[in-house]
Amino acid sequence: MNINFTLIAQAIAFAVLIWFTVKFVWPPLLSAIETRQKEIADGLAAAQEGRSALEVAAKKSEITLNEAKQKASEIIGQAEKRGSQIVEDAKGTAKIEGERIIASAKAEIDQEVNRAKEGLRSQVSALAIAGAEKILRKEINASAHSEMLSKLAAEL
Amino acid sequence: MATEHAEQALTPTSYITEHLTFNAKPIGDGGFWMLNYDSLVMSVLLGVLVMGLIWWVARGATAGVPSKGQAFVELVFGFVDEQVKNIFHGNRHSFIAPTALTVFLWVLAMNAMDFLPVDVMHHFVYAPLGLEHWRSVPTSDINTTFALALAVWILMIFFSIKVKGLGGWIHELFCAPFGAPSFAVPKSLFGAFGTLLSPLLFVANFAFNLIEYISKPLSHSLRLFGNMYAGEVIFLLIGLWAATGVTGTIFGAILGAGWSIFHILIVALQAFIFMMLTVVYLAMAHESH
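Line by line, the protein sequences are chains Z and V.
Numbering (the numbering used here) for the first sequence: 1 to 156.
Numbering (the numbering used here) for the second sequence: 157 to 445.
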């Protein structure tokens, strides 16, 4: 149990082991662990960033959706307005057209009535002339009195 | 575990002496020039094995998903690094932390040799190899623990001088911890008396530091040596009892198992304490007073 040269031999062995660890064992382990730590930290930061970006995007999409809804309701309102206007316009046009048709029909009827009246008048005058001619065959000269007769016919 | 010895008519004294004698080989004249080659061979073998294993893992270390082996090595690495970080606040990665790792793993491995059943190893491993009185536990050799403590002691002085300069270190030897004497012109008779006596502070400081520098390596090495040596002796005493008969063998086996289990704690704890003291001493060398 006495101190001897083993002391020096063991001290040298110790020194060599320390040198070996300092040189070859510690650095690769340290770099591996530090790199991983950095990667994990980066990953966590990226996740945090992603989460906040997601939040922003969700907010944005909500705003856009609301805008779209509003626009859609506006468009629908306009369309309804326009539709009712078109219907109103059509109604107006139809009314005018109907009135026009009625008016033209009335005019035609008047024309027909007039034509019939004309026809009747001429026939009545012819009949009157023919009756008068039969009565006044001898005394009345047709040509001498035709002017008076035609005046009479026009008065009818 | 020591029953084989019952056949050989050994006295308890010779049994214990046989197990506690190193294979000392003279390499020169005088008592100092002897080499306990069993403790040297065992410690170098264990050092190469343990640090080689760690190196083998470290060489293929990846920053990605680690293998189980790498995860285990990183666990040890992180444990040691954490301890050093708490004690030493300089750049620990350049020297102190790797030194702590070396000390911890090497001492742990050497201490763990205490678990090898002494007589089984003697009869079935060392004797066939032609090795008589082979001792497995290098840390129960005072030379090993003192070599480690002395190396740490030299490192301590080296760092002290490196950090504070040679002048700073010598100044600290004489002016700490009690403070430097004052050479101001005394204002009273009492003050003159004080000034006359104040150079005694040099003596007090130096004596204090001397005691500290001597006690540090002694307590550092003897703590580890004492624990491991005592552990070995208890195993031998249990072995002696086991050699007395059937009852002794049964109780010896039970006690041996119990002591082995308890010894796991001592083996790990002493390795940890040795590492912590190494770190503390080296960190203290970096601090100025």
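Bear in mind the hints are in silico, worked out from the structure with no lab data behind them.
The reader is advised that the hints may include incorrect statements.
[As the list claims (entries may be wrong)] Under the rule of at most 30 Å between Cα atoms (straight-line distance), these lysine-lysine pairs were calculated in the DSSO-like manner:
| # | chain 1 | residue 1 | chain 2 | residue 2 |
| --- | --- | --- | --- | --- |
| 1 | Z | 23 | V | 343 |
| 2 | V | 241 | V | 372 |
| 3 | Z | 71 | Z | 117 |
| 4 | Z | 71 | Z | 59 |
| 5 | Z | 38 | V | 372 |
| 6 | V | 318 | Z | 71 |
| 7 | V | 318 | Z | 134 |
| 8 | V | 224 | Z | 23 |
Here is how each hint holds up against the structure:
{"no.": "1", "hint": "23(Z) with 343(V)", "result": "violated (59 Å)"}
{"no.": "2", "hint": "241(V) with 372(V)", "result": "holds (22 Å)"}
{"no.": "3", "hint": "71(Z) with 117(Z)", "result": "violated (67 Å)"}
{"no.": "4", "hint": "71(Z) with 59(Z)", "result": "holds (18 Å)"}
{"no.": "5", "hint": "38(Z) with 372(V)", "result": "violated (40 Å)"}
{"no.": "6", "hint": "318(V) with 71(Z)", "result": "violated (78 Å)"}
{"no.": "7", "hint": "318(V) with 134(Z)", "result": "violated (169 Å)"}
{"no.": "8", "hint": "224(V) with 23(Z)", "result": "holds (24 Å)"}
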